[in-house]
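Colleague: These protein sequences, in sequence, are chains C, R, S, G and X.
Under the numbering used here, the letters of the first sequence match residues 1 to 316, in that order.
Under the numbering used here, the letters of the second sequence match residues 1 to 379, in that order.
Under the numbering used here, the letters of the third sequence match residues 1 to 155, in that order.
Under the numbering used here, the letters of the fourth sequence match residues 1 to 608, in that order.
Under the numbering used here, the letters of the fifth sequence match residues 1 to 173, in that order.
The set of hints was computed from the structure by calculation and includes no laboratory data.
Quantities reported herein were computed from a predicted structural model and do not represent experimental measurements.
Don't be surprised by glycine CBs; every beta carbon is placed ideally from N, CA and C.
Any given hint could turn out to be false.
[Said to hold, decoys possible] With a straight-line cut-off of 27 angstroms between C-alpha atoms, the simulated DSS-like cross-links for lysine-lysine are: (1) S:Lys2 - S:Lys34; (2) S:Lys130 - R:Lys332; (3) S:Lys139 - R:Lys332; (4) X:Lys142 - X:Lys111; (5) X:Lys157 - C:Lys61; (6) X:Lys159 - S:Lys135; (7) X:Lys153 - G:Lys516; (8) X:Lys142 - C:Lys61; (9) R:Lys333 - S:Lys135; (10) C:Lys172 - C:Lys252; (11) R:Lys356 - C:Lys293; (12) S:Lys139 - R:Lys208; (13) G:Lys516 - X:Lys159; (14) G:Lys348 - G:Lys293; (15) C:Lys297 - G:Lys551; (16) S:Lys135 - X:Lys111.
[To be verified] For each label pair, taking beta carbons as the anchor points, the in silico distance ranges come out as: (17) C:Trp312 - G:Pro556: 17 to 23 angstroms; (18) R:Pro299 - S:Trp49: 38 to 44 angstroms; (19) G:Ser471 - C:Asp158: 23 to 29 angstroms.
So the chains spell out like this:
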Amino acid sequence: MVTVVSGLINVLIIAIYATVAMMIGILFMGIGRKIVARVHNRVGPPIYQGFIDIAKLILKKTNITHGWIYDLALLFSITGIVLTILFLPIGGVKLLSTEGDAFLVLYLLAIPALGFALGAGASGNPNSAIGVMRALVMMLSYELPFVISMVALMIYYDTTSIAEIVASQYGKWAILIPPFAISAAVADMALQGMLMEAPFDIPIAPHEIASGPMAEFGGKHLGSLMIYKAGTIVAYTTLFVDLFLGGGVVMKGGIVADVVNFIVWFILIFLVFTLSLLINTSFPRFRIEQAFKFYWKYEAVLAIIALVWVYWMVIS
Amino acid sequence: MKMKEYELFIGPQHPGITGNMMYHLWVDGDTVVKAECNVGYLHRGFEKLMESRTWMQNIPLVCRICVPDPDVNEMAYSMAVERLMGWREEVPERARYIRTVVLELSRIAAYLMGIGSYAGALGIYTLPQWALGDRDYIMDIFEQLTGARIYHIYIWPGGVRWDMPADLPKLIEKTMKYLEKRLKLYDDVFFKNRIFFDRAVDIGVIPKEKAIEWGVTGPNLRASGHEYDVRRLEPYAAYENIDFDVIHYPELGKFDVLSSGGDAYTRMLVRRLEIEQSISIIRQALKKMPSGEHLLKHPNWFKWEVPPGIAYERVESSKGEYGYMVVSDGGKKPVRVHVRGPSYTHGINVAETILKGANIADVSQILFSLDICPPDIER
Amino acid sequence: MKAKEIIGRGEEVHGRLYVKVEKQEVRELIKTLKENKFQHFVMLSCIDWIDDGEFELVYHLWSYEYREHVMISTRIKREGEEMESLHDLFPQIETYEREIKEMYGVNFIGNERLTPFFLEGWPHMPPMRKDFDSKKFIKDVFESIPPVEDEDEGI
Amino acid sequence: MVEMVFAVLIIAFIFTLFIKNNRVASIISLVVSLFPLAAFLDWGREFGINLISIGFENTMNINMAGITLHFSISPLAWFFGIMLFSLIPPILLYSYSFFSKNDGFYPFMILLMVSVMGILLSSDFLSFFLFWELMALGIFIMICRNGDRKAMVRYLSYSVLSGVLILAGIALLYHMNGTLLFAEIMLKADFETMVAITMLIIGFAIKAALMPLHTWVPPVYSTSDEPFVAFLSGGLSKIGYYGMLLLLFAMPGARVMEAYINSSIATYLLAIIGSLTAFFATFLAIFEDDLRKLLAYSSIAQLGYIAVGIGTGSSIAMAGALFQAFNHAFFKATLFLAAGSVAYRTGKWKISELGGVAYKMPLTFMAALFAIFALAAIPITSGFAAKWLLYEAAIERRYVFIAPIMLIAGVGAFLYSFRILYGVFLGENRYPDIKEAPKPMVAGMFLLVMPLIIFLIFPGYMLDMMDSFLSSAGLATISHSPYVIHTTLGNYNTIAVIVGMMFAMIPAFLIYVLRKQHLVDFEDNFIGGEIPSLYEHISMHAAHNFYKPLKDVVMPYLEGGATSIYSSLYKVVEKIADGARKIYDGVVQDYAIYVMLFLLIIAGWLLW
Amino acid sequence: MKYEEWSKISRIASKKSLWILHFCTGCGAIEMPPVMTSRFDMERFGMAPMATPRQADVLLITGYLTVKTLKRVIQVYEQMQDPKYVVAFGSCPINGGMYWDSYNTINQLDKYLPVDLYLAGCMPRPEGIINAMMELMEMIEKGEARGWEKYRKNYEKYKKNQEMAFKFGKVEE
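Just chain C, same shape as in the assembly (with noise of 0.2 angstroms):
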């Protein structure tokens, strides 16, 4: 009975903590542009403009398909994204991230990307295959670099686990280790990728391919993208700030600790949104070819010399 019980209550802590990043990232996405609106010299959107464009997505009338795999892209995007919070420690509270690691956090991040990419496809859209095309070599390009800082990490550690090496962490950042502050540079710059801010939003490139995967997409579908796009914001932030950053983890035991973590996590992915925000103003978009050679010529090499230096200090 007690196990029961308290598992119930793990189940209720961790929906709670999910809903909670899901929110924060519709948040950021008010918050977003209203960053954004500043450095345009604007005033902007409310910052819960986010919820509302949600919500009246959501609540529109007609919701057109295009058969059943386009529909996946609904499924999987949500799905997906909320799978890979659970599996991120947010803030210390380790959620399900004992039950997999680092891997598979990649991986599920693919799959929301490869819903999406079935939903475009189905569209028939032509700009949707290209944006698609385009998104898929994105993540080839950058997940080189990333994954390079990534093994880094985990030679460094002897883990593969996100929450063991966030446990590692305490009390010194990795980013304070000087080769790791190479990958956290290189890892952010991924990180631009992931979040498809320019200079690399190529994949939905409005004036090229008008959106892009999301050509179609329109009313409940549009909505879950966006919720998709929301998590996403949250999700690849907060594995920065788990990998290089400690997790935002900065005292141990009791509820009290719990609630100044997730403060500090919550000020250390906004500050890493915004760099990226702050990037994104700044720069035009890049061919895709140009983003591949800029990861895998600059930024690949970035990585090789720090996971060469951890392991010469692991072997040493």
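Take the given structure of chain C and dock chains R, S, G and X to it, following the hints.
Modeller: Relative to chain C, chains R, S, G and X alone:
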């Protein structure tokens, strides 16, 4: 069934198009194999309408032919009518200077819009926001001068509609100062941005040898390396008394000459540098502006008959050479008004040629760098 | 005027050289001018002289070197007469010919792209002809279409 | 009882040779193929897996002309046997509709079964080699059926090379040990043994299509019949890895190999070659337009992962490699069969010529979709568990070079998977008149998908099947329950993922169910605001040259690939031969001088 | 479709987040960039330009419509998902404006599409556009902007009118 290529439609409803027109692209992978321009979405039959309106009634009509840069239409039409009336030498000196100021202000506004939309096509949305916000200050000047933001109906055969208010030069000078300050910011954000070089250099090249034969004019021609400007070659308004540089490749001022000319990069830099020239022209014109009449005395508008003849007048617009051929048989209405819009050649033949082999990521930036204005193609 | 020296005819009309020629001579003339630095083809206009029963085709050329504008004018009959296409001399002539074909119904032999240009599915007389009465056309076509009334609520 | 299975198979082989009717032959071979499967399932009792109980014996000795061939079951052979023989019945079921007449497919499938059974059960090198060559012959005949010269020549030359190397390796081992029995061979860490092992590994690597020995695979896969290619790629290619595992881990005398594995750079080299194979073959697959060649390169890439596992050599890696082998057998066979059914209905192989097949062949699409999920290692599919184990192993051994390469190859798999999905199945509906594949074909594909679904939820069962091999090879077994795998570095809990997925799906499902939607036509697509009906036909399928931007960047580096190495090698050999030919210039005096020179050299050598 | 089905919350959400289709049908489009950008900034009301009709709520007819464009506008309008609104700019869609005697522009838009809001002027100023948008928002909240319902209800009539315009009056022959 063609298996290798697929078709893409850039327009009529597409963010990557400069208005309401369409490019039908056949694409293999991501390379354009063939491009076809399809226009007519904005065809209102201006030339037919003008034949059924009197000489003066046409003035409000012509400015609607090119929306971003409307004053050149009024100017060219007025010049052609003046030519037929024999007023060419009689237009008051003050009117000439006011016309110069108006045309240059309108040029700056059009360039700001062109640069802004081009930057938008490259994916940096900060510059369009700034540039279009700043363009609005020029709209304010127009509003004070003419009473309208877009369609001014200000330049008339024989002069300008109203005299320039006495305190306007001060406002113009203030705006120009502000713009100069802002241009530096634009440079930092966009024109000196590494990714702009990477994206735009050697994209959509109009070769120097071909440029004239293809009918390329204006900033696009100058970007290809020809130092030709209608303001210099066949001066109108007060341009003969004003000192300005004809910006052309490879003299790109403070910017690096990275390409071999004629590409999107050079075209945008030429436009960017011409804004500074326009500012200088406006300052000179305001300084040299004499006092006096601003308009010749008109005959009764309803009975106005223009002597028979054929006249062609050209002006330099922000997009290229704007020409009006006006034919009169001595009646109250023109027999024929034919408008030569610069986009007619840029948008159809030139674009179809240089889009071939382009990457689809670059289609939009090539179109924006040509600064195509669909309404002046189809009128 | 330099252009007059090159082709040896024409008269000055409002500061421009205006040359009246037969339609067979146009090609030769434009070719000569093109070879002599009149390299900018400005435009091709068509004027409907309905009283004479003729169309006037005006080829405008400009030289950046001499700063001169030449108009080569030729007249063809309104009905049944065709013109040779000159799109091989300047590529943009193709488009002007397309427009004139659509707006006046003048056929240009040798131009393979005389497809509908501005108008789509136009079933009537070419609209730029003087005998096309656009006011009557508006009345017949657009004004005869009834407005859509909503019986129930009258929104 | 092994004899009985062999006898049944051989009788069936002879019988089916004379049957012209495709359906009869198919049913006969289908029934026959259940015998070895049943035998292998039964032998599971030996290794603690009770599936069925019939009571087959598992050893056999044959005396032939004074030579004894020894057969017995080993844990490794059992694992591979289960894998291969459960692959065959669905393929034969599929063939029921695929072929129109029996022109040699069935008898030689049965022959291949005989040879595979022989290879797996043999416990001495002589019988191993005999059946190995029988298999090579069987494959060759299968390739000859379609008569593509390039494929035949490529396969034959590689096969001969492989046979010669294996024979030489066996001869060396025999020379050192004086016996051919696996149980009696002692592998020592000396130079001769290393040479022998290297020869054998290269010989096996040819079958396993490791780069740069893979060039026979694309032509063979792209010209043979799909059911056969499904078996070749899914099943027979693993036999090469069976050989490697046998040699390096399963041989009773192979204890010495532990030292070899842990110290030598050679196995690290194998892992690197494996990862590079995965990497480059993935890139080649991304740009391939022929569906079968794409799948061929994909096979090469996926097989590369197994080599990484074997080269890494830890127990996690070994488990990953075997898991990957098992998964690959089923998803790749499914994909080849799906490709076969698409071609059966449309007659097209080029991805750029296909499109929209899923709308008319939804069942084929579903089977292919699931196989592709497993191929792309989407979590909770068993494909993910396998790759996860391999990644863990690479990190555990601190293979900093291999881990990122494998991960990037894994991402690359998404790219070509999407090409298959979009280019073949989705996009523009180009074939509105086709029908779903015949029922036996669909049933075959779905039967192949079944094991993937079982191991999706319970990857632990797969590890159970490996346990006896791992402990017999002297490796630690991996701690696991049916649905959790624990390694020293991290955990993978399928139930957590599945339950999490259920929870995560609730909001999505609510949105999906609560808001009504209506289906629109394919024609009703946003194409820049244009109206499709105004145009004759708008081609909207962007499948040709799909990854062109990537190709433009990467292809210059890939072009110096294996094929060009071989062609330059060929040119060098040709030049040498050409030079050598000049020696024979037809002048008698010259020949006399050559003879003199030769004698002088001999004399000099003797006198030295 | 009944008015009651359109609940309060969806009306408020719809009002606060009007996504505008990026379609410049005429010269009024020149005043859209200033409205979008820093001086007038329509984003503070939750309005944003969208690339494709599937995503958009508001179709702006920014000026005169030629017959060729009308076809595309209708295609795009039908691709938009309910609830959707049409706002017509300037004098031209009301009665033809300057181009009342042009052979290629339709003079009265609401014969072909249900227009929720007209915005007079040639051309309307950015302040006017924002004012019109606020008006539209109020109409949405009150449930008055129901052109999409009208279009569904009178689909046959609209189709017939459109067909007549497309054929330039030659529909009977």
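Colleague: With reference to the structure, classify each hint as holding or not holding.
Modeller: Right, here's what the structure says about each hint:
no.	hint	verdict
1	S:Lys2 - S:Lys34	13 angstroms, holds
2	S:Lys130 - R:Lys332	16 angstroms, holds
3	S:Lys139 - R:Lys332	25 angstroms, holds
4	X:Lys142 - X:Lys111	25 angstroms, holds
5	X:Lys157 - C:Lys61	23 angstroms, holds
6	X:Lys159 - S:Lys135	25 angstroms, holds
7	X:Lys153 - G:Lys516	20 angstroms, holds
8	X:Lys142 - C:Lys61	17 angstroms, holds
9	R:Lys333 - S:Lys135	16 angstroms, holds
10	C:Lys172 - C:Lys252	14 angstroms, holds
11	R:Lys356 - C:Lys293	25 angstroms, holds
12	S:Lys139 - R:Lys208	51 angstroms, violated
13	G:Lys516 - X:Lys159	26 angstroms, holds
14	G:Lys348 - G:Lys293	13 angstroms, holds
15	C:Lys297 - G:Lys551	16 angstroms, holds
16	S:Lys135 - X:Lys111	19 angstroms, holds
17	C:Trp312 - G:Pro556: 17 to 23 angstroms	33 angstroms, violated
18	R:Pro299 - S:Trp49: 38 to 44 angstroms	26 angstroms, violated
19	G:Ser471 - C:Asp158: 23 to 29 angstroms	26 angstroms, holds
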